[in-house]
Amino acid sequence: MSTLPPPSPWITHWGALLPAGASVLDVACGSGRHLRWFYERNHTVTGVDKAQAAINSIAQWAEAIEADLEAGPWPLAGRQFDCVLVTNYLWRPLLPTLIASLAPGGLLLYETFAQGNEAFGRPARPEFLLRPGELLQACAGLRVHGYEEGFLAAPARCVQRIAARRETTAPEGTAPAPACYRL
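Quick note: the sequence shown uses this note's numbering, first residue 5, plus one each step.
Simulated from the structure, these hints should not be mistaken for laboratory data.
Everything numeric in this text was worked out from a predicted model, so none of it was measured.
Hints should not be assumed to be uniformly reliable.
Stated by the list, open to error - Cβ pair distances, simulated, as ranges: (1) 55 to 97: 17 to 27 Å; (2) 119 to 64: 34 to 44 Å; (3) 145 to 65: 29 to 39 Å; (4) 128 to 74: 15 to 25 Å.
C-beta: ideal position from N, C-alpha, C; glycine also.
Please model the entire structure based on the sequences and the hints provided.
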């Protein structure tokens with residue numbers, strides 16, 4: 005297995021909340037640095053990316069799906085996951101589909117570039133940068149556990165990131181799932 009860059013601390017912090025064996029979807033997964041982290045913790049992992057090289061790099065240990073998310077249909081129609089994660093990618097028309105792909109109790113982990121990043125390099129075009137509070141608005145129907153918006157160093161960049169969960173309804177006569185999680 006090749007050496008991958010380390011996973012995002014945001015993803016590993018919130019990803020640690022997932023129960024054993026959870027299903028994880030990484031959208032625009034690239035070389036699979038986040039998928040590898042979840043795979044090593046015995047989760048079922050699925051990656052989708054446009055680049056054949058990315059798909060080839062994860063195919064031995066993950067369900068690997070090559071798809072153009074911006075020009076083609078959603079390749080996972082009807083499927084839901086315990087965790088959907090996205091890093092360094094933004095295609096606004098896909099946001100409702102990502103939320104719909106969360107199983108009840110599922111966790112959305114999203115971290116990507118925000119306005120202000122144009123001062124530090126790429127991406128710099130507005131269509132690839134989140135507007136202030138945009139992830140919060142997109143996740144209005146989810147329970148937000150963590151949200152940050154601002155500047156990160158090394159490398160210098162402006163980001164928004166969110167950890168939000170699709171609520172579950174407890175079966176009649178049982179207690180609901182806890183509303184808070186250990187920090």
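Each hint tested on the structure:
no.	hint	result
1	55 to 97: 17 to 27 Å	20 Å, holds
2	119 to 64: 34 to 44 Å	38 Å, holds
3	145 to 65: 29 to 39 Å	33 Å, holds
4	128 to 74: 15 to 25 Å	19 Å, holds
The earlier numbered hints are all upheld by this structure, with none contradicted.
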